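Participant: This is what each chain is made of:
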Amino acid sequence: MSLAGFDALLSRHPEQGAPIRQLQAAIRSVLSSDESAALSDDHLSQMAGLGVNEVREWLVELMRAHAVESHVARMCPNTGGASVEARHLSELQNEIECPRCGQIHRYDSRRIVVFFVATPGLLASLHAKK
Amino acid sequence: MGKINGDDITQAEEAFDGFADSLSALVDFEKHLAPIAMRMSFPAIVAARDETFMTVDSASDATVRRAYARIREDKKTTDIRAYTHWNMDGKNYSRESLNVYWMIDHGTGDERRIHTILRWLVEDEAHPTPRARVYVSAHISEGDLAHVVGRIRRFAQSAS
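As given, the protein sequences belong to chains A and B, one line each in that order.
Under this note's numbering, the first residue of the first sequence is numbered 1, with each subsequent residue one higher.
Under this note's numbering, the first residue of the second sequence is numbered 131, with each subsequent residue one higher.
Keep in mind the hints are simulated off the structure, nothing from the lab.
Model, not experiment: these values are computed from the prediction.
Mixed in with the good hints there might be a few duds.
Said to hold, decoys possible - Ranges of calculated distance between the beta carbons of each label pair, as one might list FRET restraints:
no.	chain 1	residue 1	chain 2	residue 2	range
1	B	G220	A	P14	33 to 41 Å
2	A	A124	B	E226	39 to 47 Å
3	A	V60	B	D151	54 to 62 Å
4	A	L10	B	A212	29 to 37 Å
5	B	N222	A	G17	34 to 42 Å
6	A	Q22	B	S290	54 to 62 Å
7	A	P77	B	G220	25 to 33 Å
8	A	S90	B	N222	43 to 51 Å
9	B	G237	A	G80	27 to 35 Å
10	B	G237	A	R106	53 to 61 Å
11	B	A145	A	H88	35 to 43 Å
12	B	E226	A	R106	23 to 31 Å
Said to hold, decoys possible - In silico EDC-like cross-links for lysine to aspartate or glutamate, where the CA-CA straight-line distance does not exceed 20 Å:
no.	chain 1	residue 1	chain 2	residue 2
13	B	K205	A	D34
14	B	K205	A	E97
15	B	K205	A	E35
16	B	K206	A	E91
17	B	K206	B	D240
18	B	K205	B	E160
19	B	K206	A	E97
20	B	K206	A	D34
21	B	K206	A	E69
22	B	K205	B	D180
23	B	K205	A	E91
24	B	K206	A	E35
25	B	K205	A	E69
We put the CB at the ideal spot given by N, CA and C, even for glycine.
The following block holds chain A by itself, in its conformation from the complex:
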């Protein structure tokens, strides 16, 4: 069974069936081990063997289909994980006391990343019987 959003993607881009299925397999693999995983374009690109820009475009289409939603995060320079994340850049404060390392971090655009997370609809399709 297809993951949510992928049938629509295939119907809009029938000539791109192979790469879309490769991306679907990569997303299924990631979510099967961690449903709260961050779906990033560069990681999925490597997993699926596709170009980063190509994956990014598919992810945006999947977002429009409500299969994934975008998040922004401030990455902690000391631990590597997200200090804080939000739906929109404007929600990130200029200065935070990092819950990961305890230090004060000031806003640094180089530490901002964008990734996608699965919506409940996508997770439901992951659990649906094949």
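Put chain B on the given structure of chain A with help from the hints.
Facilitator: Here is chain B on its own, set in the frame of chain A:
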């Protein structure tokens, strides 16, 4: 005791010295307080999965230093110890610091997660007694603070 913003060890040491001076008429820290080996407690705290939560971990064995960090923020992700490739349990892994949440009233509707960073400080000539520091990242109730400090003390005593 006041709150120190940030994870600055020098600042913490200076603040602690000031705190000790302010109590010097009542308490002699060297005479009246017994040190506990907090660092020795790290493996036991890591093993206590029913009362701690971790999203970051960095440790070394005799060959390799490894660091794990959940990519998503703490409240949106799961325990790093549940990650397939994490296997840093036991005394073979040493840590300079331990980044851990203490779960209070776990499993109830009133569960609180108290974030702490426990850091071992290298002793030197000025401070020959091994020292460690407990950083608490948020304002919490006295009761929760007492609980966390009590649990750390208990783990340290058990490990000594």
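Participant: None of the hints should be skipped; say for each whether it holds.
Facilitator: Okay, the hints, checked on the actual structure:
1. Here the CB-CB span from G220 (chain B) to P14 (chain A) is close to 54 Å, at odds with the stated 33 to 41 Å.
2. Our hint of 39 to 47 Å for A124 (chain A) and E226 (chain B) holds, since their Cβ atoms are close to 43 Å apart.
3. One distance hint, 54 to 62 Å for the beta-carbon pair V60 (chain A) and D151 (chain B), holds here, with the actual separation near 59 Å.
4. Separation of L10 (chain A) from A212 (chain B) is about 34 Å and conforms to the stated range, judged on CB atoms against 29 to 37 Å.
5. For N222 (chain B) paired with G17 (chain A), a C-beta distance near 49 Å fails the hint of 34 to 42 Å.
6. One distance hint, 54 to 62 Å for the beta-carbon pair Q22 (chain A) and S290 (chain B), holds here, with the actual separation near 55 Å.
7. Checked against the hint of 25 to 33 Å, the pair P77 (chain A) and G220 (chain B) passes, with Cβ atoms roughly 29 Å apart.
8. Range check, S90 (chain A) to N222 (chain B): Cβ separation about 46 Å, and the 43 to 51 Å hint holds.
9. Take G237 (chain B) and G80 (chain A): their Cβ atoms lie about 30 Å apart, and the range 27 to 35 Å holds.
10. Our hint of 53 to 61 Å for G237 (chain B) and R106 (chain A) is violated, since their Cβ atoms are close to 38 Å apart.
11. At roughly 37 Å, the beta-carbon separation of A145 (chain B) and H88 (chain A) lies within the given 35 to 43 Å, and the hint holds.
12. Range check, E226 (chain B) to R106 (chain A): about 25 Å between beta-carbon atoms, so the 23 to 31 Å window is met.
13. For the suggested pair K205 (chain B) and D34 (chain A), the alpha carbons sit about 15 Å apart, so the restraint of at most 20 Å is met.
14. With a C-alpha separation of about 15 Å, the suggested pairing of K205 (chain B) with E97 (chain A) holds against the 20 Å cut-off.
15. Taking the CA atoms of K205 (chain B) and E35 (chain A), the gap is near 14 Å; set against the 20 Å cutoff, the hint holds.
16. Taking the CA atoms of K206 (chain B) and E91 (chain A), the gap is near 16 Å; set against the 20 Å cutoff, the hint holds.
17. Taking the CA atoms of K206 (chain B) and D240 (chain B), the gap is about 18 Å. The hint holds against a cut of 20 Å.
18. Taking the CA atoms of K205 (chain B) and E160 (chain B), the gap is about 40 Å. The hint is violated against a cut of 20 Å.
19. The straight-line distance between the Cα atoms of K206 (chain B) and E97 (chain A) is roughly 18 Å, inside the 20 Å bound, and the hint therefore holds.
20. The straight-line distance between the Cα atoms of K206 (chain B) and D34 (chain A) is roughly 12 Å, inside the 20 Å bound, and the hint therefore holds.
21. Taking the CA atoms of K206 (chain B) and E69 (chain A), the gap is near 14 Å; set against the 20 Å cutoff, the hint holds.
22. This hinted pair checks out: K205 (chain B) and D180 (chain B) have alpha carbons roughly 17 Å apart, not beyond 20 Å.
23. Restraint check for K205 (chain B) and E91 (chain A): satisfied, since their Cα atoms lie roughly 16 Å apart, inside the 20 Å limit.
24. A hinted pair counts as satisfied when its Cα atoms are at most 20 Å apart, and K206 (chain B) with E35 (chain A) qualifies at roughly 11 Å.
25. Restraint check: the Cα-Cα separation between K205 (chain B) and E69 (chain A) comes to about 17 Å, which is no more than 20 Å; the hinted pair holds.
Consistency note: the structure conflicts with the earlier hints numbered 1, 5, 10 and 18.
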